[in-house]
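Chemist: Chain residues, written in single-letter form:
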Amino acid sequence: MLFPHKHILGTEQLSREDIQLVLDTAESFKEVNSRSIKKVPTLRGKTIINLFFEASTRTRTSFEIAGKRLSADTINITASSSSVVKGETLEDTARNIEAMHPDIIVMRHGASGAPHYLAQRLNCSVINAGDGAHEHPSQALLDLLTMRQHKGRIEGLTVAIIGDITHSRVARSNLYALTKMGARVRLAGPGTMVPPGIERLGAEVHTSLESAIAGADVVMMLRIQLERQGKTLMPTLREYARFYGLNPENLKGAKEDAIVMHPGPLNRGVEISSFVADGKQGVILDQVENGVAVRMALLYLVGGGEHPQG
Amino acid sequence: MGCDMKILIKGGRVLDPAHEIDGILDVLIEDGKIGRIGKNLQAADAEVIDAADKVVAPGLIDIHVHLRDPGYEYKEDIVSGTRAAAAGGFTSVACMPNTDPVNDNKTVTHYILRKAQDEGAVNVFPVGSITKGLKGESLAEMGELKEAGCLALSDDGRPVASGEMMRRALEYARPFGLTIISHAEDLSLVGDGVMNEGFTATEMGLKGIPWVAEDAAVARDVMLAEFTGSRLHVAHVSTRGSVAIVRAAKKRGVAVTCEATPHHFTLTEEAVRGYDTNAKMNPPLRSAEDVDAIREGLADGTIDAIATDHAPHHLDEKNVEFNAALNGVVGLETALPLTLRLVNDGVLGLNEAIARLTVGPARALGIPRGTLEVGVPADVTIIDPAAKWTLEAAALHSKSKNTPFDGWKMKGAATHTIVGGKVVWKRS
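Top to bottom, those sequences are chains S and G.
Start counting the first sequence at 5; every next residue gets the next number (this note's numbering).
Start counting the second sequence at 112; every next residue gets the next number (this note's numbering).
Treat the hints with caution; some may be incorrect.
What the hints assert, rightly or not - The following label-pair restraints were derived from C-beta to C-beta distances:
1) S:G186 <-> G:N438: 21 to 29 Å
2) S:I79 <-> G:R384: 27 to 35 Å
3) G:D164 <-> S:E208: 25 to 33 Å
4) G:G340 <-> S:R125: 19 to 27 Å
5) S:R125 <-> G:G254: 25 to 33 Å
Said to hold, decoys possible - In silico DSS-like links for lysine-lysine, alpha-carbon gap of 27 Å or less:
6) S:K235 <-> G:K246
7) G:K520 <-> S:K235
8) G:K318 <-> G:K246
9) S:K184 <-> S:K235
10) G:K246 <-> G:K217
11) G:K226 <-> S:K184
12) G:K150 <-> G:K520
13) G:K226 <-> G:K522
14) G:K362 <-> G:K318
15) S:K235 <-> S:K256
16) G:K537 <-> S:K10
17) G:K537 <-> G:K520
These are calculated hints, taken from the structure and not from any lab test.
Here a beta-carbon is modelled for each residue, glycine too, at the ideal position from N, C-alpha and C.
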């Protein structure tokens, strides 16, 4: 079956079948990643540009490795080294890049909607690698793959997402994807960090971490931005850790076999204690590993490929 | 703009809400003034305009326009802005002081009036600033601004953040008969929001501007007007709370008026979807409930005036990512048909609609226009309420094309715009 999307701008646009196809395709690429020669020729001759306007190590590296393992030529452009600092507009930057005929642009930008802006104006495919507080589809898809790997299914799971929901693109993309796949999503965070109307996207909003994770199959902790401390959204990191941090004690409220996820990078001792992150329920490195496979799948599907298994 | 020629407007439905005139009548314009209004007028030497099936109204008045001149002529200038006004049926506009330099002194006021006189298509009434340089730190020279020709003062684009400064501005402006215009916004509550706070913003991952940022500021300024006994006009109300606050204050006898824009009574925050920067403005497009409240306020007279907040911006300032785009839309050439939509939808009677575009705004700022009284300068707008047309942004007379209504099917247009007895716009 052909993938019906030229761009991957968010999980909001993806159907249940699309998500299924991405996960199945990623599954087959996981095998490639465990070979001694980790390369397939599928995207040979294709050019992929990673256009990153925000700092990122994990996502950018993951996309770069994914492209290389598919034999595409991948080039990284970061805001600090680009002409953005010289005052060039986003459209001009993009048009100049497009003039060099890339096949796919993978883009991260601080402004919500920036990849949509690009997708409307360029002929090549655009994959959103995170836009503002809007979406981060590849993260959500790798999260789903990790859940499926550990739980054997997604439908029927109870997933608690804890932290700064308002500013989280990870939360939004997961919410769209998980509800489409039949999971139950609970959210909790400080009163200043739960955005209005989020329940209309199908989430249950809880007022405490304890109530959100009670009996949950998956506990997903979001990264808190340290610079929010001492301003208007929260008093101190100490208090944040006390009420919204995951530790071995409060984790007992979740199912015994619950898995603990985090998109990284970790603030150890703030939103997640080391005992939990490194404990037997933590699957954070599986998420990173699955990230490469999911991004291979996305590049492959957008690059015009069919499911490798037919 | 005087004119010796006589014009006889025959057989139109003449509406003059200030004098409760509504009937099929003729209007004779002589010496640039309204000469006579009556049935079967004759004037052998007059140019005759057949106004059968048309509405003959006092010239429309827009009390919230950014002409961008001096300083930002690449967006708009007095020539292009007044031409857009004429094409939209407006015979008078009040222009906001956030130019460069700011209109906080008589020299800038004189410049605007001189250029409007020499090259403008319609009457221009400059609005001076409340504080020097719009900085909120010290009062502008209000007395001289009044002498130079300002009727009202505003720090439009920014609120007067300090309550004490607003109090003193109201007190000081009063003996000069100047109206203080409130751009009501609590910036600490606005933060770095870029659209209305609510479900749509949550879904789009855009930072929200809550309604309370406007309501709290409107409440403060209305209370200060009540406290000082001075005249206050609230610009671009966009929330149900603002409408309720003004309605209650009017009931108590506070000297307050307010305006609403066509985009705030036509569009909701849903128009932002797709990250359309032409739907980005301040105050932001609000919820459907707010739109309903604005319409109610227009119908019951809580809202005195329809004003466009015509805010031209260059393509380069809009053709960027949503967060980076400047706030504002052009409105002079879409206000009339969008107002007539309210009439077609049964929200307003035609009389009320015309009142909100003429005598309402005139009284709010003390502009000596807005009626068809015999002897006043002949500012007249002839409207074909049945004219069907499609808005094309590229065809706007304004230098800037930033409208969220591109491609909209419109009904109703000005066929003739007459300023001081001279036809400045004729629809082809």
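Chemist: Determine for every hint whether it applies to the structure shown.
Modeler: Hint by hint, here is what the structure shows:
Restraint check, G186 (chain S) to N438 (chain G): a C-beta distance of roughly 42 Å breaks the suggested window 21 to 29 Å. A C-beta distance of roughly 33 Å is found between I79 (chain S) and R384 (chain G), which places it inside the suggested range of 27 to 35 Å. Taken as a hint, the range 25 to 33 Å is violated for the pair D164 (chain G) and E208 (chain S), whose Cβ atoms sit roughly 59 Å apart. For G340 (chain G) paired with R125 (chain S), a C-beta distance near 55 Å fails the hint of 19 to 27 Å.
The hint said 25 to 33 Å for the Cβ distance between R125 (chain S) and G254 (chain G), and at roughly 52 Å that hint is violated. At roughly 26 Å between alpha-carbon atoms, K235 (chain S) and K246 (chain G) fall within 27 Å of each other, so this suggested pair holds. A C-alpha spacing of about 48 Å is found between K520 (chain G) and K235 (chain S), which places the hinted pair above 27 Å, so the restraint is violated. Restraint check for K318 (chain G) and K246 (chain G): satisfied, since their Cα atoms lie roughly 25 Å apart, inside the 27 Å limit.
A C-alpha spacing of about 36 Å is found between K184 (chain S) and K235 (chain S), which places the hinted pair above 27 Å, so the restraint is violated. Distance check on the hinted pair: K246 (chain G) and K217 (chain G) sit about 18 Å apart at the alpha-carbon level, within 27 Å; holds. Between K226 (chain G) and K184 (chain S) the CA atoms are separated by roughly 61 Å; this puts the pair beyond 27 Å, and the hint is violated. At most 27 Å may separate the alpha-carbon atoms for a hinted pair to count; K150 (chain G) and K520 (chain G) exceed this at roughly 35 Å.
Straight-line distance between C-alpha atoms of K226 (chain G) and K522 (chain G) comes to about 33 Å, which puts the hinted pair past the 27 Å bound. Among the hinted pairs, K362 (chain G) with K318 (chain G) is inconsistent with the structure: their alpha-carbon atoms are about 36 Å apart, more than 27 Å. With a C-alpha separation of about 32 Å, the suggested pairing of K235 (chain S) with K256 (chain S) is violated against the 27 Å cut-off. For the hint linking K537 (chain G) to K10 (chain S), the alpha-carbon distance of about 48 Å lies beyond 27 Å, and the restraint is violated.
Our distance criterion of 27 Å between C-alpha atoms is met by K537 (chain G) and K520 (chain G), whose separation comes to about 20 Å.
Going through the hint list in order, the structure does not satisfy hints 1, 3, 4, 5, 7, 9, 11, 12, 13, 14, 15 and 16.
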